[in-house]
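Chains A and B, in that order, give the protein sequences. Using this note's numbering, you'd call the opening residue of the first sequence number 1 and step up by one each time. Using this note's numbering, you'd call the opening residue of the second sequence number 1 and step up by one each time.
Derived by calculation from the structure, the hints in this document are not laboratory data. One should not assume that every hint holds.
To be verified - What follows is a set of in silico ranges between Cβ atoms, one per label pair, in the way DEER data are often shown:
1. A/218 with B/48: 51 to 59 Å
2. B/126 with A/7: 17 to 25 Å
3. A/58 with B/46: 44 to 52 Å
4. A/7 with B/25: 24 to 32 Å
5. B/25 with A/22: 37 to 45 Å
6. B/63 with A/252: 52 to 60 Å
7. A/6 with B/212: 49 to 57 Å
To be verified - Which residues of chain B face chain A? A partial, calculated answer using Cβ under 8 Å:
8. 22
9. 26
10. 29
11. 63
12. 148
13. 232
In this text, a Cβ means the ideal position worked out from N, Cα and C, and glycines have one as well.
Listed below, chain by chain, are the residues.
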Amino acid sequence: MWRLVRAYPLGAFGAVVLAAMLAAAVCAPWLAPYDPLETNYSVVVRPPSAAHLLGTDQFGRDVLSRIIFGARTALFVGLVSSFVTATLGALVGVATAYVGGKVDLIAQRVIDVLLSFPLIILAIAVVAALGVGTLQVIAAIIVPMLPRATRVVRASALAIRQMPYIEAAHSTGVGALRVIGRHVLPNVTASYIVMLTAFLAEVIVLEASLSFLGLGVVEPTPAWGLMLRDFAGQYAEAAPWLPLAPGMAISLAVFAFNLLGDAVRDALDPRLRE
Amino acid sequence: MRTYLLKRLLLMVPTLLGVATIVFLLLRVLPGDVVLLRLAGEGGRVADEVLRAERARLGLDHALWRQYLDWIVGLGRGDLGLSMWTGRPVVTEIRIRLNLSLELTLLATLLAVAVAIPLGTLAALRRSTWLDYLLRVFTLSGLSLPSFWLGVLIILLLLRLFRWSPPLMFTSFWQDPVANLSQLVWPALVVGFRSAALSARMMRSALLDVLGDDYIRTARAKGLSERAVVRRHAVRNALLPVITVVGLESAVILGGLVVTEQVFNLNGLGKLLLEAVTRRDYTLTQALVMLSASAFVVMNLLVDLCYAWLDPRIRYR
Numbered sequence: 001m002w003r004l005v006r007a008y009p010l011g012a013f014g015a016v017v018l019a020a021m022l023a024a025a026v027c028a029p030w031l032a033p034y035d036p037l038e039t040n041y042s043v044v045v046r047p048p049s050a051a052h053l054l055g056t057d058q059f060g061r062d063v064l065s066r067i068i069f070g071a072r073t074a075l076f077v078g079l080v081s082s083f084v085t086a087t088l089g090a091l092v093g094v095a096t097a098y099v100g101g102k103v104d105l106i107a108q109r110v111i112d113v114l115l116s117f118p119l120i121i122l123a124i125a126v127v128a129a130l131g132v133g134t135l136q137v138i139a140a141i142i143v144p145m146l147p148r149a150t151r152v153v154r155a156s157a158l159a160i161r162q163m164p165y166i167e168a169a170h171s172t173g174v175g176a177l178r179v180i181g182r183h184v185l186p187n188v189t190a191s192y193i194v195m196l197t198a199f200l201a202e203v204i205v206l207e208a209s210l211s212f213l214g215l216g217v218v219e220p221t222p223a224w225g226l227m228l229r230d231f232a233g234q235y236a237e238a239a240p241w242l243p244l245a246p247g248m249a250i251s252l253a254v255f256a257f258n259l260l261g262d263a264v265r266d267a268l269d270p271r272l273r274e
Numbered sequence: 001m002r003t004y005l006l007k008r009l010l011l012m013v014p015t016l017l018g019v020a021t022i023v024f025l026l027l028r029v030l031p032g033d034v035v036l037l038r039l040a041g042e043g044g045r046v047a048d049e050v051l052r053a054e055r056a057r058l059g060l061d062h063a064l065w066r067q068y069l070d071w072i073v074g075l076g077r078g079d080l081g082l083s084m085w086t087g088r089p090v091v092t093e094i095r096i097r098l099n100l101s102l103e104l105t106l107l108a109t110l111l112a113v114a115v116a117i118p119l120g121t122l123a124a125l126r127r128s129t130w131l132d133y134l135l136r137v138f139t140l141s142g143l144s145l146p147s148f149w150l151g152v153l154i155i156l157l158l159l160r161l162f163r164w165s166p167p168l169m170f171t172s173f174w175q176d177p178v179a180n181l182s183q184l185v186w187p188a189l190v191v192g193f194r195s196a197a198l199s200a201r202m203m204r205s206a207l208l209d210v211l212g213d214d215y216i217r218t219a220r221a222k223g224l225s226e227r228a229v230v231r232r233h234a235v236r237n238a239l240l241p242v243i244t245v246v247g248l249e250s251a252v253i254l255g256g257l258v259v260t261e262q263v264f265n266l267n268g269l270g271k272l273l274l275e276a277v278t279r280r281d282y283t284l285t286q287a288l289v290m291l292s293a294s295a296f297v298v299m300n301l302l303v304d305l306c307y308a309w310l311d312p313r314i315r316y317r
């Protein structure tokens, strides 16, 4: 444990921030001084004070409490969508690389097409089809990220397919599914984990962007991107302190995830180690 | 080389056809339609005959296969049709906004390259010094500050310091270069920061890679000055992967512009796309998606061609 911290101090810092976020998300009801949904029209748009450490928003809701509960939204969307994306991507990637031939060729062309769509357009289309809300946002993130995940895993699966031990397994009469399960999947685990952590940061940005555009999580759910949208749009001049809290929360989370992702990549991919 | 180019150009056709098909189907699956949104947008009531007549005028009453055929044939002939919302030609709608977005992209890319290449080079040459760590902070913040947050920060800062807020009107470069640049430089900074971070990181690792190669030792051994070694041999070869990053980043920029243009209230292609989708303006959305997909595909090809041009060892067949 200590050795890991010593070897990857920045990654350890990222992990600590992530752990703190997780703790905040889990213990939100006990940590938050107020109910994040409780409105109080006697204290609308107030600067930070002893009663409201980060001030109050346009409905008199406590900003600190909403930031703490926002960690729930960000982590829930982030973890679920990166996990689903990476796992589905890994399965499709390994399957097409293993089967090869026409199936792989067709799958690759379809992925080419999907990759030429800007990410945000696909996300917008999914939101338009399914509506706004937390679960819909998860779908809107998975769809555009999936083709990329598939590409990443396919590349490493292709390399493994050429290995002599795969040929050896085949020649001893082991079935395709067993070869995939016993030999291919364990060997793409490293790139799977690297991809998973790298996606976390990206997914949190994407969720916040969608919410910021009004295409993601909806009121009254506390979400950082949504808070930034409200505060930056209407209160930039009157209450410039308001956008700072959600903005900092997003950047800190993404920064921590990036650090963690870098460390995981360095640790698992020896070729990149310096 | 010529056969390679021909093959690549031919391969673009099925990809773009796929994009055209998917965007067509995607739009038809979305709930809501342009006629209802336009005529009864504020919750007003419109007679059924009026709606029907309008749909017939736009060709929305045709069978799906006929609409699809119209779209693909029109695309083949370069006829993108009229916007279903404004009734103006799609080409006109796009042309009005294209300059702004192109200028923004160009400015952002220039800024990114101007910052990333010297910074990445310095960091690689002064590896593990404070300069290197500074670059690390720079790249990580470039990747960690989402464009909308950075944009909001810049607007807040400009508002506080200079009482400047994003103007409502766009001034073109030919009208008033100073006003134009002072308007676009901030969003360009926001957009360019991310690509600068990515490219600087790539430049650093590519240069470190190259500096360990045999021909660098040879260059040093034959008595070249360190400056010449770095400039003529190392940096040139390290540029290849950087070009990929810069090229591909500028190709997907249209998607990234959606958010930035919203923040800075710029009436460019990103904002147009968002509007077109929300209004279910099929023709305009289809055209914009095709434009951005083509940009992506062409940029990919250009990057590959650039490789062959810069590195004569690479031969395409």
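* To do: List, from low to high, the hint numbers that the structure doesn't satisfy.
  => Of the numbered hints, 1, 3, 4, 7, 11 and 13 do not hold.
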